[in-house]
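Colleague: Chains as they are written, first to last, in the numbering used here: chain A, 1 to 401; chain B, 1 to 401.
Read the hints as simulated data drawn from the structure, not as lab findings.
One or more of the hints may lead you astray.
Which copy is meant is left open, because identical chains are indistinguishable; a pair holds if it fits in one copy or across any two.
Result set (DSS-like, lysine-lysine): computed pairs, CA atoms no more than 27 angstroms apart in a straight line [said to hold, decoys possible]: (1) LYS62 x LYS87; (2) LYS241 x LYS322; (3) LYS189 x LYS62; (4) LYS347 x LYS27; (5) LYS258 x LYS27; (6) LYS140 x LYS90; (7) LYS29 x LYS62; (8) LYS140 x LYS102; (9) LYS102 x LYS90; (10) LYS241 x LYS384; (11) LYS187 x LYS102; (12) LYS401 x LYS220; (13) LYS62 x LYS90; (14) LYS258 x LYS164; (15) LYS111 x LYS27; (16) LYS90 x LYS111; (17) LYS271 x LYS258; (18) LYS102 x LYS384; (19) LYS220 x LYS301; (20) LYS347 x LYS301; (21) LYS62 x LYS27; (22) LYS401 x LYS190; (23) LYS190 x LYS220; (24) LYS87 x LYS111; (25) LYS189 x LYS111.
There are 2 protein chains.
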Amino acid sequence: MLVVQKYGGTSVGSIERIDAIADRIIKCKNENNKMVVVVSAMSGETNRLLEYGHHFSEHPDKRELDALLSSGERVTSSLLAIALNAKNHKAVSFSGGLAGIKTSNHHNNAKIEEVDTALINGRLEENNIVIIAGFQGVSKEGNITTLGRGGSDLSAVAIAGALKADICEIYTDVDGVYTTDPRIEPKAKKIDTICYDEMLELASLGAKVLQSRSVEMAKKFSVNLCTRNSFNDNIGTMIIKERKDMEHPIVSGIALDKSQARVSMIGVKDKPGIIAELFTILGDKNINVDMIVQTVGHDGKANVDFTVLNGELASTKEALKKYHEEFDNIEYDEDIAKVSVVGIGMKSHTGVASNGFTALSDENINILMVSTSEIKISIIVDEKYAELAVRSLHSVYELDK
Amino acid sequence: MLVVQKYGGTSVGSIERIDAIADRIIKCKNENNKMVVVVSAMSGETNRLLEYGHHFSEHPDKRELDALLSSGERVTSSLLAIALNAKNHKAVSFSGGLAGIKTSNHHNNAKIEEVDTALINGRLEENNIVIIAGFQGVSKEGNITTLGRGGSDLSAVAIAGALKADICEIYTDVDGVYTTDPRIEPKAKKIDTICYDEMLELASLGAKVLQSRSVEMAKKFSVNLCTRNSFNDNIGTMIIKERKDMEHPIVSGIALDKSQARVSMIGVKDKPGIIAELFTILGDKNINVDMIVQTVGHDGKANVDFTVLNGELASTKEALKKYHEEFDNIEYDEDIAKVSVVGIGMKSHTGVASNGFTALSDENINILMVSTSEIKISIIVDEKYAELAVRSLHSVYELDK
Numbered sequence: 001m002l003v004v005q006k007y008g009g010t011s012v013g014s015i016e017r018i019d020a021i022a023d024r025i026i027k028c029k030n031e032n033n034k035m036v037v038v039v040s041a042m043s044g045e046t047n048r049l050l051e052y053g054h055h056f057s058e059h060p061d062k063r064e065l066d067a068l069l070s071s072g073e074r075v076t077s078s079l080l081a082i083a084l085n086a087k088n089h090k091a092v093s094f095s096g097g098l099a100g101i102k103t104s105n106h107h108n109n110a111k112i113e114e115v116d117t118a119l120i121n122g123r124l125e126e127n128n129i130v131i132i133a134g135f136q137g138v139s140k141e142g143n144i145t146t147l148g149r150g151g152s153d154l155s156a157v158a159i160a161g162a163l164k165a166d167i168c169e170i171y172t173d174v175d176g177v178y179t180t181d182p183r184i185e186p187k188a189k190k191i192d193t194i195c196y197d198e199m200l201e202l203a204s205l206g207a208k209v210l211q212s213r214s215v216e217m218a219k220k221f222s223v224n225l226c227t228r229n230s231f232n233d234n235i236g237t238m239i240i241k242e243r244k245d246m247e248h249p250i251v252s253g254i255a256l257d258k259s260q261a262r263v264s265m266i267g268v269k270d271k272p273g274i275i276a277e278l279f280t281i282l283g284d285k286n287i288n289v290d291m292i293v294q295t296v297g298h299d300g301k302a303n304v305d306f307t308v309l310n311g312e313l314a315s316t317k318e319a320l321k322k323y324h325e326e327f328d329n330i331e332y333d334e335d336i337a338k339v340s341v342v343g344i345g346m347k348s349h350t351g352v353a354s355n356g357f358t359a360l361s362d363e364n365i366n367i368l369m370v371s372t373s374e375i376k377i378s379i380i381v382d383e384k385y386a387e388l389a390v391r392s393l394h395s396v397y398e399l400d401k
Numbered sequence: 001m002l003v004v005q006k007y008g009g010t011s012v013g014s015i016e017r018i019d020a021i022a023d024r025i026i027k028c029k030n031e032n033n034k035m036v037v038v039v040s041a042m043s044g045e046t047n048r049l050l051e052y053g054h055h056f057s058e059h060p061d062k063r064e065l066d067a068l069l070s071s072g073e074r075v076t077s078s079l080l081a082i083a084l085n086a087k088n089h090k091a092v093s094f095s096g097g098l099a100g101i102k103t104s105n106h107h108n109n110a111k112i113e114e115v116d117t118a119l120i121n122g123r124l125e126e127n128n129i130v131i132i133a134g135f136q137g138v139s140k141e142g143n144i145t146t147l148g149r150g151g152s153d154l155s156a157v158a159i160a161g162a163l164k165a166d167i168c169e170i171y172t173d174v175d176g177v178y179t180t181d182p183r184i185e186p187k188a189k190k191i192d193t194i195c196y197d198e199m200l201e202l203a204s205l206g207a208k209v210l211q212s213r214s215v216e217m218a219k220k221f222s223v224n225l226c227t228r229n230s231f232n233d234n235i236g237t238m239i240i241k242e243r244k245d246m247e248h249p250i251v252s253g254i255a256l257d258k259s260q261a262r263v264s265m266i267g268v269k270d271k272p273g274i275i276a277e278l279f280t281i282l283g284d285k286n287i288n289v290d291m292i293v294q295t296v297g298h299d300g301k302a303n304v305d306f307t308v309l310n311g312e313l314a315s316t317k318e319a320l321k322k323y324h325e326e327f328d329n330i331e332y333d334e335d336i337a338k339v340s341v342v343g344i345g346m347k348s349h350t351g352v353a354s355n356g357f358t359a360l361s362d363e364n365i366n367i368l369m370v371s372t373s374e375i376k377i378s379i380i381v382d383e384k385y386a387e388l389a390v391r392s393l394h395s396v397y398e399l400d401k
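This is chain A alone, in the form it adopts within the complex (with noise of 0.2 angstroms):
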């Protein structure tokens, strides 16, 4: 088999870590298969750096600013080869350029464009480990750029896709992902395997273990993928196209978001194009705008909710200033919670959504907004409900059991 791993930052957050973690990479390597470990920086390590860049801007230079970055996972992945040869394991690092990810020369942001995998092939005929930095390729320019959030595991997938690997592990500090946030409800249950859409739907719940870009390209070259607690030998949550499994669940797991506000324009006139003008106004400034959801009012009026980030809501108010005149009245609130409903099974079973109502209704939370798709259902509720809200929902769709 090709395996290719992928081992986060507390995984390698210290000296000792990568010991167990060479440990690790060796029984894997003895039992016949070929090895790519990708390693992001040691826990702390990004930060002491970011910290010294921000010390002489607000706005450190970004392409400097990728260039002091990237050294951090170069020294994690130097060192994992050095524990590796001296436990007699030929192993070799290399930055992410050097092992042929080019990317977008979007500095701090970019975008992986290729992975020339001639070099990382001949090494591992050459019965080598090969370990590469994470979170970093070049541009076509000549210049070192970094992949943003989670890059670590955008740059294990797209090895992994490249190499046409057997398998890709995402090894953190968690088992895997739950079924909803353990921390709200204590009977949340390991998930064992979900497809690729349902990850993407349970960002938040995943948030822990991997990132969304990385499910998304892991889907777009149908790269098996799995995330594995480096800290004990538990089996983790493989992340596929399609569960082969006839029965699975209806429901695969309950997320929460509390970063959202919600803004109810209520009376909208009935002009063509204004509620298209509103939103292009809102992309144009870089707002993020999750939820939409449009009702007919009274007076062929219409009522529109949508929701941003709280943090985007002050740009947001003042963005929507010169429309007032264009709807009745308008709300803010920001003390709201997202509850999403996720799982590929809701396809084909029905009442699926009503259930979820008939028992937030049973703990008397109002419902606020609602929006579907074919395998979610996001609920809207008052924040103070938030964690009832999941647990309830958890239970109805009988998670725990």
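Got chain A; can you put chain B on it based on the hints?
Modeller: Using the frame of chain A, we list chain B on its own:
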């Protein structure tokens, strides 16, 4: 003017120091100079990385150690570029390899084979301050290499030579090269100008400011070198091909080296090739022989004295064991010191040596060994007289005037 500056570890040892260095660079840039700046790792950083690497192995894999250590200089280079950009001066940083420094593939101690100046020149044309990580390059095989002790100085001189820079300024935390070690002779004076050959002979005096390899390379490519203190605006020491001052002093400085041990082979048999054989044996064992003095003894036998590093005395004894019957007696003495009188002016002056011998004799210091070259007299004395010998020679050659 095209100015190459190099800043050592203490000069860039903190965020505040990097900030100060940025101001110094800008001042030079504003005097209408093109600038290339070579930087070392922040002081302490290389040792931190080395400690990490040595945790896994007493002898970490050399390729990986190079990849690891090279990150120290890269961090400094991007931080300095961030600082300069924040101060509204265009600056770009490069690793040694990306900057065009091609080396041999001898990890941990690579030789610079070529400096491809195309990229540097291009960036200078765009009015950038070009920052280059010192101490490193890349081999034809595509591996990151490091240049060994004093490697950043070597990077700077090689780049200055390749660019035909007008001057190469080496910044440390001392003012320059002194006529002797001021801790031994408080009357020691800073030398304003010195030529390459003198500097090479005064290696021990210059050790804190400049490695011999850099001086050799400066000599080879006729680079005008200057060592300066980054903590003040003093003038420093110019190291050039030939001193222009007609009336330069006969002696430039007095160097002291306590790291040597003396080996005296008394009554070496008159057997062709035996002495060559002895030194070949030592060379094969990588024992570095410094002074060699041969005199005619009694019965046509020769006396051969030589010095080796204290640390290599044990292996020297071991190597000579089976030759003991080739000479009447052999003596070893670790408690010696080598005092060297250096000056290009000696070439054209007589009586320089005898003045020195008289000065030592006046202090009742016994001379154990002497060897002379065109510009240097090296004298071995008992270690307990070392400082007194330095002071009396410093005085007799009027270096305190």
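Colleague: Next, verify each hint and record whether it holds.
Modeller: We went through each hint and held it up to the structure:
For a Cα distance limit of 27 angstroms, the shortest separation of LYS62 from LYS87 across copies, 15 angstroms, qualifies, whereas the shortest one inside one copy, 39 angstroms, does not. Taking the shortest Cα distances, LYS241 and LYS322 never come within 27 angstroms of each other, neither inside one copy (46 angstroms) nor across copies (74 angstroms). Within a single copy, LYS189 and LYS62 get their C-alpha atoms no closer than 42 angstroms, and across copies no closer than 46 angstroms, so neither meets the 27 angstroms cut-off. In the homo-oligomer, the alpha carbons of LYS347 and LYS27 never lie at most 27 angstroms apart, since the shortest distance is 41 angstroms inside one protomer and 68 angstroms across protomers.
Taking the shortest Cα distances, LYS258 and LYS27 never come within 27 angstroms of each other, neither inside one copy (41 angstroms) nor across copies (51 angstroms). Taking CA atoms no more than 27 angstroms apart as the test, LYS140 paired with LYS90 passes between copies only; the shortest distance there is 21 angstroms, against 31 angstroms inside one copy. Taking CA atoms no more than 27 angstroms apart as the test, LYS29 paired with LYS62 passes between copies only; the shortest distance there is 22 angstroms, against 38 angstroms inside one copy. For the homomeric pair LYS140 and LYS102, the shortest alpha-carbon distances inside one copy (7 angstroms) and between copies (21 angstroms) are both at most 27 angstroms.
When the C-alpha separation of LYS102 and LYS90 is checked against a cutoff of 27 angstroms, the pair qualifies both within a copy, at 26 angstroms, and between copies, at 25 angstroms. For the homomeric pair LYS241 and LYS384, neither the shortest alpha-carbon distance inside one copy (36 angstroms) nor that between copies (80 angstroms) is at most 27 angstroms. Taking the shortest Cα distances, LYS187 and LYS102 never come within 27 angstroms of each other, neither inside one copy (44 angstroms) nor across copies (60 angstroms). In the homo-oligomer, the alpha carbons of LYS401 and LYS220 never lie at most 27 angstroms apart, since the shortest distance is 33 angstroms inside one protomer and 79 angstroms across protomers.
When the C-alpha separation of LYS62 and LYS90 is checked against a cutoff of 27 angstroms, the pair qualifies only between copies, where the shortest distance is 13 angstroms, while the shortest distance within a copy is 36 angstroms. In this homomeric assembly, LYS258 and LYS164 never come within 27 angstroms of each other (Cα to Cα): the closest approach is 38 angstroms inside a single copy and 61 angstroms across copies. When the C-alpha separation of LYS111 and LYS27 is checked against a cutoff of 27 angstroms, the pair qualifies neither within a copy, at 33 angstroms, nor between copies, at 38 angstroms. Taking the shortest alpha-carbon separations for LYS90 and LYS111, only the inter-copy value of 25 angstroms comes in at or below 27 angstroms, while the best intra-copy value is 31 angstroms.
Proximity of LYS271 and LYS258 under a CA criterion of 27 angstroms is satisfied in neither setting, with 33 angstroms inside one chain copy and 93 angstroms between copies. Taking the shortest alpha-carbon separations for LYS102 and LYS384, neither the intra-copy value of 46 angstroms nor the inter-copy value of 63 angstroms comes in at or below 27 angstroms. In this assembly of identical chains, LYS220 and LYS301 lie within 27 angstroms of each other by CA distance neither inside one copy nor across copies; the values are 41 angstroms within and 85 angstroms between. Within a single copy, LYS347 and LYS301 get their C-alpha atoms no closer than 32 angstroms, and across copies no closer than 103 angstroms, so neither meets the 27 angstroms cut-off.
In this assembly of identical chains, the alpha carbons of LYS62 and LYS27 lie at most 27 angstroms apart only when taken from different copies (24 angstroms versus 40 angstroms within one copy). In this assembly of identical chains, LYS401 and LYS190 lie within 27 angstroms of each other by CA distance solely inside one copy; the values are 11 angstroms within and 83 angstroms between copies. For the homomeric pair LYS190 and LYS220, the shortest alpha-carbon distance inside one copy (25 angstroms) is at most 27 angstroms, but the shortest distance between copies (68 angstroms) is not. Proximity of LYS87 to LYS111 under the C-alpha cut-off of 27 angstroms is found in neither arrangement, the shortest distances being 36 angstroms within a copy and 29 angstroms between copies.
Within a single copy, LYS189 and LYS111 get their C-alpha atoms no closer than 34 angstroms, and across copies no closer than 59 angstroms, so neither meets the 27 angstroms cut-off.
Against the hints set out earlier in the document, violations occur for numbers 2, 3, 4, 5, 10, 11, 12, 14, 15, 17, 18, 19, 20, 24, 25.
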